[in-house]
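Asks: Here is how the chains run, residue by residue.
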Amino acid sequence: MTSIPARWIAGSIAIALLLSGVGGAQERAVPRTPDRKPDLSGIWRSASNRYLTDLSAGITRVSFQPWARAVYEQRRAGNGKSRPSDRCLPRGVPSMMLARDEPWKVVQTPGAITILFHESLHYRQIFTDGRPFPDDPAPSWLGYSIGRWEGDTLVAETIGLTEETWLDEGGHPHSDALRVTERFRRGAVGRMDVDVTIDDPKAYTAPWTVTVRFELVPNADLGEQVCAVAPADDSKN
Amino acid sequence: MTTVPHAGSAFASRRCSAEPGLRTFEWRRCSAGPGPRTLAFGLVLVCVLASPAVAQWLHVPQPATPRTADGTPDLTAPAPRTPDGKPDLSGIWQRPRGVPPGSGGTDGIAAGVEVLFQPSAEAVYKARGENNSKGTPSERCLPHGITKAFSVPEPFKIVQTPALVLVLHEEFNHHRQIFTDGRRAPSRRAPTWFGYSRGTWEGDLLVVETTGFVDDTWLDFRGHPATDALKIVERYRRRDFGHLEIQFTIDDPKAYRQPWNVTMGFDLLPDTELIEHICENERDAAHIVGR
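Which chain is which? The protein sequence lines are D and C, in order.
With the first letter of the first sequence counted as 1, position 16 gets the number 19 in my numbering; the numbers rise by one all the way through.
With the first letter of the second sequence counted as 1, position 98 gets the number 285 in my numbering; the numbers rise by one all the way through.
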């Protein structure tokens, strides 16, 4: 049997620790709520800005509808000009989850999961009490989210997102037909993977999915970040 | 259309009409006319239809709501309790009908309260009065801070957990955390608009102490000033299923010669959900001034 050089082993261990996010956290069981669901509570941050920059990163080809391609190309050509987040507006779902420097806190309670964002002090609710979607959700920046458990996976679906939101900072557009599905999987104490599926037949010919990794930020305080705009100019009125 | 006076708010509000006794509204984007300067008191919002959608109200029946024989929520039933025996403040709350919305009236939240200003604060307060309260931070979509956020007509939701109480304000979609896990206030922390809040139970009262505020909070739309020396103590009491009372003690020796108290009452909004409201003042803004 061929012996493996000791430094290889050491290197492998170091990489394994890196991949685990928080060293040693792997060994501990993922916490659970009294009803035995995984408890997603904690402060989380995206492992990188990769998907914030381009939600389709790693996907060979996202198949646009023609108008959506035109909007996307225009936004790219304009270098992201008129991006809503540049005007203190929410990035929307899923984009507001994706910024490396904007952690968010999950507060999991029976019937709802509340996500508190560092960015702009905003919050988002995912209702897990079995309610249906409203018949006619008005377009909003964060949409209306309902969630259910499939085994240890929280499956959150969001509709009612205003067409003003961008799916990422790169400018992937969407229509009022958008349905975002997020599958939250806390695979370890310090790690959560979320499969994000964009289903918008008006904008894309087929749904597409990426998996975004999030890391637990232990012993942290969410803090408060606010975004200020200049007051409206009365003289115009 | 019934108009809702929204004192001092130059921002767009998504609720433009309200019928007494009902939380009704239409999906509209409102523009405040004719301009923030003239909007300080009792203004009229001019609503522009942004969507053809008809008026709607999210009806979300809550199984835990006590009801009378005909199924109506029983708002005078006893306040619910958490498994550990504390009153459960959770629910969606709103200023009662008939209470002047906002806090931009002659005396703001201090109506009927004797407020002894320090000279510098009195000068600021007077100037704001003469200026029709122009310059309130929320004109720039900045957070209201505690008392001002509670004074608006838009509802808020309390989510009570054993170690943390959340206040989710519909207005601006801002959240606030109240830590009830016995922690100490951090010794070093950047000042914030909502401060750092810690709560303890005194019998059936949730007593919340908050410090660590930014230096230019407005306590109300009228313009009661506050400094970084501000400490707010809130006492939350859920009188029964449908009624919540919060007493605020404003203690800011740099601005006021003695602490003063304000009490606000709130009614439960049963069987519904918050509606998103985002400050969209940016639509008229020349540029963003800071993050």
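Source of the hints: derived by calculation from the structure; they are not laboratory data.
Keep in mind the model is a prediction, meaning the values are calculated, not measured.
Note that CB positions come from ideal geometry on N, CA and C, so glycine has one too.
Be aware that one or more of the hints could be misleading.
Just the calculated beta-carbon pair ranges, DEER-fashion [to be verified]:
1. Pro378/C x Lys205/D: 41 to 51 Å
2. Pro283/C x Lys205/D: 15 to 25 Å
3. Asn52/D x Thr255/C: 46 to 56 Å
Asks: Are there hints from earlier that the structure breaks, and if so, what are their numbers?
Replies: Structure breaks hint 2 only.
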